[in-house]
Each structure stands twice: as structure tokens, then as C-alpha cells.
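**Q** What follows is each chain in one-letter form.
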Amino acid sequence: MDILKQISENLRGGNDKKVLEFTKLAIEQKIPPKDILDDGLIAGMDTVGKLFKAHEIFLPDVLLAAKAMYSGMDELKPILIREGIPTIGKVVIGTIQGDLHDIGKNLVGIMLKGAGFEVIDLGNDVSPEKFVERAKKENAKVIGMSALLTTTMQGMRKVIDLLNERGLSGEIKTIIGGAPVSEEFAREIGADAYGYDAASAVDRVKKLTREK
Amino acid sequence: MRPIVKFLDNELLERIVSEARDVLCKLGVEIHNRGILSMLGDYGAKVDMHRNHALFTDEIIDRTLKSAPGSFKLYDVLGNETHDFIGYNVYFTPGSAALNILDYKTRKIRKPTTMDYIKYTEVVSGLENIASQSTAFIPADVNENISDSYRLYLSLLCCKKPVVTGAFSVEAFNIMKDLQLAVRGTREKLAAKPLTIYSCCPTSPLKWSDVTSQNLVDCALHSIPVEYVSMPLAGFMAPVTLVGTLVQHTAETLSGLAISQLTNPGTPILYGGSPAIFDVRYETTPMGAVETQMIDCAYNEIGKHFGLPTQAYISLSDSKRLDTQAGLESSMGATLAVLAGVNNISGPGMLDFENCQSLEKLVVDNEICGMTLRLIKGIEPREDFPALPRFEELLKEKHLLISEHTLRYLREEQYFPGPVIDRANRARWREEGALTLFKRAHREVKRLVKEYEPSRLPGEVKRELKKLMEGEARRYGMDSLPSRDL
Ligand code: B12
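Residue numbers (the UniProt record's numbering), protein chains in the order written: chain A, 1 to 212; chain B, 1 to 486.
Hints were generated in silico from the structure; no laboratory data involved. The structure presented is a predicted model; accordingly, all values stated were derived computationally and were not measured. Beta carbons are placed, not taken as given, at the ideal position from N, Cα and C, and that holds for glycine. Some hints here could point you the wrong way.
As the list claims (entries may be wrong) - Per label pair, the in silico range of CB-to-CB distance: (1) B/107 x A/60: 32 to 38 Å; (2) B/22 x A/209: 43 to 49 Å; (3) B/411 x A/50: 40 to 46 Å.
Stated by the list, open to error - With a straight-line cut-off of 30 Å between C-alpha atoms, the simulated DSS-like cross-links for lysine-lysine are: (4) A/113 x B/119; (5) A/130 x B/207; (6) B/119 x B/446.
I would like the entire structure built from these sequences, with the hints used as guidance.
**A** Okay, here's the thing in C-alpha cells:
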């Protein structure tokens, strides 16, 4: 079996040692780093995402695969940076001001990371300024916001207004999620996307980052 | 004999408790509240202010278990006793703080309004098996900063039953306390006759946020009862085993107990919770899962072992409609809860993982609750022995329909659910419109709303409540409240 396939298959099985071993081997054999990323690691995570959606595997399997993905990614990242190959993008995520629910947001973060995004997690109770400033500083492509309370969901609007005010809304896309929000609410406040679980978050963030 | 269900033998229960003490004393709890940390420090806890962290001691745990009252009572807005939380007494309360309601006409889940809330208070007023109201959902037509206090305001104004509620912020406590003071008159009278219970949640694993821990302190200072709502999610934010989750729940709940009792020894509390398993297929927290309900019953046994009254989020459903799943999950939970003797049983009306209330479901659940309340009255002899005379009467008269024995005991022996639970024969059912359960429930909702009689709370108290709420609304830029003619 070719090395990239080995990477993606082992990733699917959540075997982090093997993923690391084959990533190292691929680097040694001078396979282009972009191919190792796209056809090895990310291809593996794509399959995992599909199997998860089809209920053939469960969340722990996905997290094991994500962990295996990081082990390969840690090896590959310095090379990608050295060669100026962009990762698929940075996402700043957080739970909105006044809200302490972070379980769903954390899951979304893990899955985005597993899909190859660089994730900057601002934690919970995050102010609009902090979302926007950090996203700008990190050159992030997407801001992901979570709210679980009716009292805090309106805070999402403030982040989007602030992006508009600073002329950043074209550059930085927004995605929202959490039990009280919906596709309609996203539209109402001018968010670029809505995701109802961690897998849908990955799909939509991918779409957003491809859109530009 | 009152039937009772148990899941833990003594040895296991004691082991769970001792392991939880170990967790509290050796791993400790993160508490984002300097006042509480220094109070714990004063009582001998090892406190690290930088890490917002406290290591408990066995003395603190013993002291607070000793000062916590083993029972307390609740009173309605008029001051009449409604609840005595003691022993195996059980009471039902609607699931609280839903984001949405299920709209009967459109069959869609949507955000609720003030009018929905008023209708809810009218329905709950007439439900005989639901002993208290809860602030069941959040009207979306007022500023979000007042949405927690506004629910309490409407509840106190429209329905006389005591209220299970909770604040979403530290600031909201004040107005919510003032509304209660307006009803009772003075702080002392409110302490003597509690009107509400506040739900306060630790954050699993082993953490208290500034908001919910401050709510605990503020409630204790006013002797307002609280229920601790620890929510370990088995397999995710807690061990996958039910025993491991129980250890965590015990530790988190005892840490809350310490905060309340050190603040004000003797302040009333319920040993409560809303733990759940975590469904790794859907990333959800199923409240209708049998394992969730087993955890609930078991921690209730632990609370009873401590001699404390208990609460659980247990008679609700994860279904999105009023369907078979809704009925079976809610009744399984209600049945287990009454058999376990959970004192305050939360859940009726609730669908979609605590996210959606339905008035029609509330009416169905009221009948489910009625059946379970009958269940725990058990099987008792009522002039049944000696049996011979009764059978002689039966053989002689050919039936017992108008026997003295029947007339005396019919209503004690048999609970009559309805009009939602249908026991008509098919022809009659068809002749009466062949209504589905959802339609029968809706008809009952309409009847209750029509027959609702306004609460007899004195006019001046109502005016005072209104004044307080309007003042609070103005603080957040609202000139008036949605309903003027209350
Ligand atoms: C667990 C829980 C808690 C835990 C939170 C622990 C933590 N570390 O997060 C604790 C116990 C601390 C808690 C506290 C409170 N809670 Co709470 N909580 C819940 C509960 C039961 C489950 C939430 C959860 O974690 N679900 C599991 C995760 C995986 O799902 P999720 O959060 O929905 O996230 C998924 C999707 O929504 C989506 N998603 C989420 N975020 C994002 C972001 C992006 C960008 C995208 C794309 C997708 C996405 O993907 C996620 C993965 O599948 C909900 C009810 C419910 N079933 O939703 C109530 C609920 C949200 N809580 C509620 C309340 C009232 C509170 C309190 C105010 C109670 C109190 N008085 O103390 C406090 C909040 C204090 C505060 N200021 O924040 C209410 C909200 C009421 C309302 N109308 O606003 C609810 C609905 C329960 C209820 N009916 O009472 N809570």
C-alpha cells in the first residue's frame, strides 16, 4: 500500500503511532508536504467524517482519529511553514459573553482541528472586542461563536456589527451554533453560516474558507 | 406498603460517598468567587486564590452535612402550605427554562412570547398533580437582560403555586428577590414561608462559576431554598460508568452544600441534579435514557442517606413531538422517580433535551403523574378481610357496582386519568370525534385556559410587582411591558 494511503487508513483506525511513523517516512521519501497533508491526513479525516455521519463510527472514534491526525500534523507543520504552504486556515472560536456553556464549543473545536484547521479557542464569556481583535491579529479566516442561553445569543449580533464597523466582514467570515440559535437567526443577524453539530460545523467552515 | 426502588446497596453507597470525599479533599474544586474561597479558607480549606481553587476538608463536609436541614416546606403566593419536602413525599414540577415551545397550530417548535407564558400559568393553575409552577420557558418578546426575572414576575402575578426558578446572572438575583419580598412583605416572612426554589449549577467537572456560586450565596443569605443541579455527562465530562458519574455528582453536590451552609447554616436545600449519559452518536444529553434515570434515582438514595430532601430532572423526553417516545420516556422517568422517592420531580411538559416546553404535553404528563402518585399508595387492605362476606354478597347480587364497599373505596383504589388518556370503546371514541392524543390534550389546554381564575393575590401586591418589573425593564431601555392588562 502506498504511504499516503497507509497514513489515511491508520488515521481512520486512530493509530497515532503508525500515523506518525508513516508521516515521517513520507517526509523522508520526499513526498511533497502538500500531498502528505491533502492525500494523507486530511483525506483520512474526510473518510472519518463521512463514517461518523453515517453512524458507522461514534464520537470517540473520531476523537481518536483526530488525535492521530495531530501526531502527524505536528511533524509536518514546521515543513509546511518553512515551504510557505498555507494550512487550510485559522478559526477563532469561543462562547459568547455572559455564557459559560462550553461543551459544544469544545467539541466543535476538536473536530475543526481534526479536519486540519488551526483553532484558537478563546474559552467562554468572550467579549465582542476580544473575538474581533484576536481574529484580526491571528489573520483568522473564520470566527465561530457558541451560545446556549437566550439571554446571551444576542451578543453574536454585536460581534458581527463590530466586524462590519471595522470593515472586516468580507475578510473574516462568521459561523454560529448552540441550542437556542438557528439558520434563521444566523440570517437575521448577518452571520455567514450556522452549524448544528460538530460535523456540520466542519462542513460549513470548509465551505466558508473555500468561498473567497 | 409504599413501594420503593433502590439501586445501591449500603456498601456501594458508602464507598461512593467516601471516594467523593477523597476527590473533594485531595483534588478539590475550582471556585471562581473570591468571597467563597476566603470563607472556605476561614473554615480550614486549603485555598489557592491564583488558581481559584480550594481543597476541602472532612470537617467542612461533616459540619455542612450536619447543619443542612433534613426537610423544609414551601408555601404558595397566598401563604398556604403546599409542599413538605421530607422522607418519601413526592411532588411534580414542570421542566424549567426551555428555549422554545411546541406550537399546537403549526406543529412547529418556536420561540415563546408573553402570551404563551400567561397561558402556561393558566394551565398549570388547573393541573392537580403538578404541585408547583416552574419558570418554564423564556418569553422572547422582552429584553434578554430581564428574561429571567420577567418569567418569575408573570408567574407570581398569574398563578398561586410556588415557583421553581433560577437566575441567569448575578444581577438578576436582586430583582427576583424583590419580587418575592413584594409578595411576602418582609425578609423574615419570606424566610419563614419560602415561595421559590432556585436551581444553581456547578460546572462539571468539579467547578463553580462566579454566577452560579454567587447565586448560592445570595439565596443562602435570604434563606431562599436552592436545588443543586450538578450535570456530569457520563462518558464525556464524567466517567462512563454510572458509579464513576455518581462519585462526581456526589463531590460536586457536597461542594455546593458547603457553600450554602457555611454562608448561612440551616438554609434550606434540595440535594438535586440533572446528570445524563452523553450519546456519542448524536453529541446529545439524553434525559429520557434509562441510564440517566438510574443515575438520578441513585444519587437521590445518596441524598437520603445524608438525610437531605432531593430533586431530579427525570420525567421528561428527548422527542421533538408529543409522540410515543415522549410518553414512554416521561412515564418511565416519573415512575422510577416516585418509586425512588425523589422529593421534587422536575420535567413535566419538557421535550427535546430540556429545550422545548409543550402545554399539551404538560396536560398529558399531569395524568401520567396522577397514575404514578396512585402507584406509590401501594396495595393496602381496605375492609378486605375476612373475604368471605364480600364474595357471598357478589354471588348473591351478581355484581358489586353499588356495594357499600365499592362506593366507599372506588376513588381511593382507582385513579381516573382523563380526558387525555383514552379509555372509551372504539365506537364511542369514533362518535366523539376520533380525536388523537394531541388533539385531546389541546382541547384540555383550551378548557383550562377558559376556566382559569385569576390569582387572589391582593391588588396592591400586583401593582407593586408591576412597578418593580417596569422599573427593571426601563433600566434595559424598554418603555413598557408586553402585556398591559394583567
Ligand atoms: C450541560 C448544561 C449546562 C452545564 C454546562 C457545562 C459546560 N461546561 O458547558 C452547566 C451545568 C454548567 C449549565 C449551567 C447553566 N445552564 Co445549562 N444546560 C446544559 C444542557 C443540559 C446541555 C448543554 C450541552 O452541553 N449539550 C451537549 C453539547 C455537545 O451540545 P450543544 O452545547 O448543543 O453543542 C452542539 C451544537 O449546539 C453545536 N454547537 C455548539 N456551539 C457551536 C458553535 C459553532 C460555531 C457551531 C458551528 C456549532 C456549535 O455543536 C455542538 C456539538 O454537537 C442544556 C440543555 C440542552 N440539552 O441543550 C442546558 C441549558 C442550555 N442551560 C440552561 C440554563 C438556564 C443554565 C443556567 C443559567 C442555570 C443556572 N441558573 O445556574 C447556567 C448558566 C450560567 C451561565 N451564565 O452560563 C438552559 C437555557 C435556558 C435559556 N432559555 O436560555 C438550558 C436549555 C436547560 C434548561 N432548560 O434549563 N448548563
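**Q** Measuring from beta carbon to beta carbon, are residue 411 of chain B and residue 50 of chain A in 40 to 46 Å?
**A** Violated - the Cβ-Cβ distance for residue 411 of chain B and residue 50 of chain A, about 60 Å, lies outside 40 to 46 Å.
**Q** For the pair we were handed, residue 119 of chain B and residue 446 of chain B, check the Cα-Cα distance against 30 Å.
**A** 9 Å, holds
**Q** Range first: 32 to 38 Å. Now tell me if the beta carbons of residue 107 of chain B and residue 60 of chain A are that far apart.
**A** Distance hint for residue 107 of chain B, residue 60 of chain A holds at roughly 36 Å.
**Q** So if I understand the rule, the pair passes when the alpha-carbon distance is 30 Å or less; does residue 113 of chain A with residue 119 of chain B pass?
**A** With Cα atoms ~46 Å apart, residue 113 of chain A and residue 119 of chain B exceed 30 Å; violated.
**Q** May I ask you to test the hint 43 to 49 Å on the CB atoms belonging to residue 22 of chain B and residue 209 of chain A?
**A** Taking Cβ atoms as reference, residue 22 of chain B and residue 209 of chain A lie about 47 Å apart, which means the hint holds.
**Q** Please work out if residue 130 of chain A and residue 207 of chain B have their alpha carbons no farther apart than 30 Å.
**A** Holds, because 24 Å separates the two Cα atoms, which is no more than 30 Å.
Of the numbered hints listed earlier, those contradicted by the structure are 3, 4.
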